[in-house]
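For the protein sequence lines, the chains are A and B, in the order given.
The opening residue of the first sequence carries number 609 in our numbering; numbering runs sequentially from there.
The opening residue of the second sequence carries number 11 in our numbering; numbering runs sequentially from there.
What the hints contain is simulated information worked out from the structure, not anything from laboratory work.
All residues carry an ideal CB built from backbone N, CA and C; glycine is no exception.
Where hints are given, some of them may not hold.
[As the list claims (entries may be wrong)] Below, a sample of chain B positions facing chain A; criterion: calculated Cβ distance under 10 Å: (1) His71; (2) Gly160; (3) Tyr168; (4) Glu170.
[What the hints assert, rightly or not] Which stretches of chain B does chain A cover? Using the computed rule of at least three CB atoms under 8 Å from a CB of chain A, they are: (5) 51–61; (6) 78–89; (7) 173–179.
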Amino acid sequence: MAINKFEKNDDSVIVVIGSGAGGGTLGNELAQKGHKVVCLEAGARLNFATDFANEEWPMFDKISWLDKRTTSGNWQVAKDFPGLPAWICKTVGGTTVHWAGASLRFQEHEFRARTHYGEINGANLLDWPISLEDLAPYYAKAEDKMGVTRTNGIPGLPSNNNYKVMEAGAKKLGYKHYHSGRMAINSEARDSRTSCRQLGFCFQGCRMGAKWSTLYTEIPKAEKTGNFEIRPQSHVLKIEHDANGKVTGVVYADHEGNHQRQLAKAVCVAGNSIESPRILLNSASTLFPDGLANSSGQVGRNYMRHLTGSVYSIFDKPVHMHRGTTMAGIISDESRHDTSRGFVGGYELETVSLGVPFLAAFLLPGAWGRDFTAFMDAYDHLAGMWIVGEDMPQENNAITLHDTEKDQHGLPAPNVHYDDHVNDLAMRRHAFDAGARVHEAVGATRVMETPPYPSTHNLGTNRMSLLAKDGVVNKWGQSHDISNLFVSDGSQFTTSASENPTLTIVSLAIRQADYISDQLSKNNL
Amino acid sequence: MSKPGINRRRFLAAGGDTVAGGVAVSLVASLPASTWAKSLNVIDQSAAEVMLRVCRLLYPHDGLADDYYAACVESLDTKAEGDAALATRLKDGVGQFMKSNSEFLKSTEEEQLKALEAISGSDFFQTVRGHMVVALYTDRKVWGELGYEGPSFKFGGYLERGFNDIDWLPEG
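Extracted from the complex, chain A is given alone in its bound form (with noise of 0.2 Å):
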C-alpha cells in the first residue's frame, strides 16, 4: 500500500491529471504558490541519468503511450500505423521526455484563424478567447523556465550538419527567416542543468538533462516547496462530481490495478489530447450523460495534429545528419498566412533525424526492395526535415469511445477519427516541394517525401471558445459547464497554428494556475 503524502480524503487538494508540459507546469506553479497539488500520471518515474538509453526501439517500448487506441479516416497514419495514432509519452514528465525542444511563440493572427482565413468549408474555425497580447507576457515567464535559446540572453545553439544543408538550401533559395531555432536545449549550463553535446538522442529523453523536461525540472521544484505530491503508476479513470455538479475527485488504477478515490478541490486535465477528452467522456453520469464538460459536444473534436510529413534527401557526400540534436534548426518564412500559394494558415520547415531502426520503419512504411534501401545505403549522405504546419479543425476529426474496444482497465478504448481537409492536402504539397527545393538548391540527388507518422503533436480536442456552444473551456481553460474541472493541455487549442505546441502549453499552465489561485483565494471555485 503506497504512502502518500496527502491524504485521500483530503477534498482541499488540487488533482492534476498528467505531469507533462501542462500538467507538470501547473502542478509546480500551484505548489510554488503554496496550494497542495496532487498529480496523477499514468506512466512510471524514470531517471534521467540511470533510465535512458541512446536507443531507438528500446526507449519507445519504455516511455510511449502504448495502450489500446484505434484509428478511422483517410489518413495514412490509419493505414500504416492503425493501432498507433500518437507517438506520445506515458511517462513522468510525459510527452517533454520525447519533445525535440522546438519553442516557438504563435503569431498574432494565428490566435484569430476564423476572422484572418475565413469562412473554410468544412472546417470548424473560431477565433481563440485570447490574443497574443493576452499570452505574451506568459510566452516570455515560459521561456525564461524553459531557458529557451535565443532569449533572456540565451545563446543559439551551435549549428549541425544537418541543419547547414537547410541552411545552405534556404540562403540559395532567398528565405529570410532561418536560424538553428529557439530551443528548450540549455546552450549553456543553466537552471542547475548542464549543456547540450549533441547527443542525437533527443527523441529517446535527454540523457543529459539539457533538453527541458517536468521529469527533471517542474517536478522536482514542486517537491522542494512541500505542496506537492506525484503519484507516478496512477492512472485516472473517471472523474467524479457531487449532485451540483461540481467535481468532487477522481478514481484512478494504481500500480497494482487497485481502484483508489482522491479527493479534490478542483481538477485540471492534462493528459494530452487523446487521453484528457476520453476520460471527460468516460466520466459520463446521470447528470452528464455526454460526458463531463459537454455541453456543446464539442469534447474531442476538432482533434489536430499538424500536417507533418519530412522529407528526407539524398546528397553525393556525407553529411551524418544524425550527429546532433534532432531539431537543429528552422526555416519560418512559410509560416506565413498567404492564399496567394493556395491555401490559409502556413508552415514550418524544421530540421529532423532518425537513426537506422526508426529510418526503416518510418522513410516510406510498407516499402522494401532497392528503390527503398536505396535510402538506407545512403544512410550517411541524408539529411532530413520535418513540416509543422496549421491542419484546419473539423468536427468529425476526432476522440470517440471505441464501440467495443476496450483498455487494460475494461474501460472504452479510444478511437482517433481523422480525414485530412484539402487545406491539409496543398498546404501538404507545397510544404513537400518547398523541402525539396531547398535540398535541391545544395545538391541533392533524390528526395523522398515522407508521410506523416504517428502524431507527436495532438490538440484541439477540448478545446476554448468564447461561447459554451463552441467549445469545452473558456480563456482560461476552465470548464464552460463546471467551475472546478479545468484542461490544462494542448486539447485547449482552438487552432493548431503553425509552431510546435509545448511553448504555448507552458505559458498557459502558467497562466492558468494565476487564475486558479486567484479563484480559490476568492472562493468561487
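Assemble the complex: chain A is given as a structure, and chain B must be docked to it using the hints.
Using the frame of chain A, we list chain B on its own:
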C-alpha cells in the same frame, strides 16, 4: 533434420561484396549449412534458404553479406518457436511459396521479385517484411556498414566528434 554447426562463414570478398543480382543468386544457392549460426526449429533447411533469399530481396544491400540476412531468418524462427500461430503462418507461407515457385532459387532477380510481388498482400509476406525491417536495421553491425554511429553518450556525444564537420557546402 541435420543440425548445422555454430560457425558463421562470411562471404565478403576483400574490398566488399558488390556482386550484382545474378552472381548473388548462385552464391545463395550453394550456401553451406555452416552459415546458419543456430539450429532452426520451425522451418527446415531448404525453407531457410528460400527465406534468406526473400529477406535479401525485401531489403537488398549488395554490400551486406548473407550472414546479416541469415541472422534475420534465425530470429524469426526463434520468435516462431514461442508462438504457435506465427509458426503455422511461417511454415504454411513458405511451404506454399516454395510449391508455387519450385525454381525460385535458380531464377533471375527479376523473376524472383515478380514472385514476391504476387504474394505481397499476404499475411505471410507482411509478417516476414515486418520482422525484417526491424531485425535487419537494429543489427549494430549493419549500422556500421551504413554509416550510423549509434549510441553517443558514452563517447561524450558528437560535440567534439564531427557534429558540424560538413565541408562541401557552398560558401556563405
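Structure-based check of all given hints:
Taken as an interface hint, His71 of chain B checks out: its beta carbon lies about 6 Å from the nearest beta carbon of chain A, inside 10 Å. Proximity of Gly160 of chain B to chain A holds as hinted, the smallest CB-CB distance being about 7 Å (cut-off 10 Å). At its closest, the beta carbon of Tyr168 of chain B sits 4 Å from a beta carbon of chain A; the interface hint therefore holds under the 10 Å criterion. Because the smallest distance between the Cβ of Glu170 of chain B and any Cβ of chain A comes to about 8 Å, under 10 Å, the interface hint for this residue holds.
Counting residues of the region 51–61 of chain B whose CB lies closer than 8 Å to any CB of chain A gives 0, which falls below the minimum of 3, so the coverage claim is violated. Counting residues of the region 78–89 of chain B whose C-beta sits closer than 8 Å to any C-beta of chain A gives 0, which falls short of three, so the coverage hint is violated. For the region 173–179 of chain B, the assignment as covered by chain A holds, since 6 residues bring a beta-carbon within under 8 Å of that chain's beta-carbons and 3 suffice.
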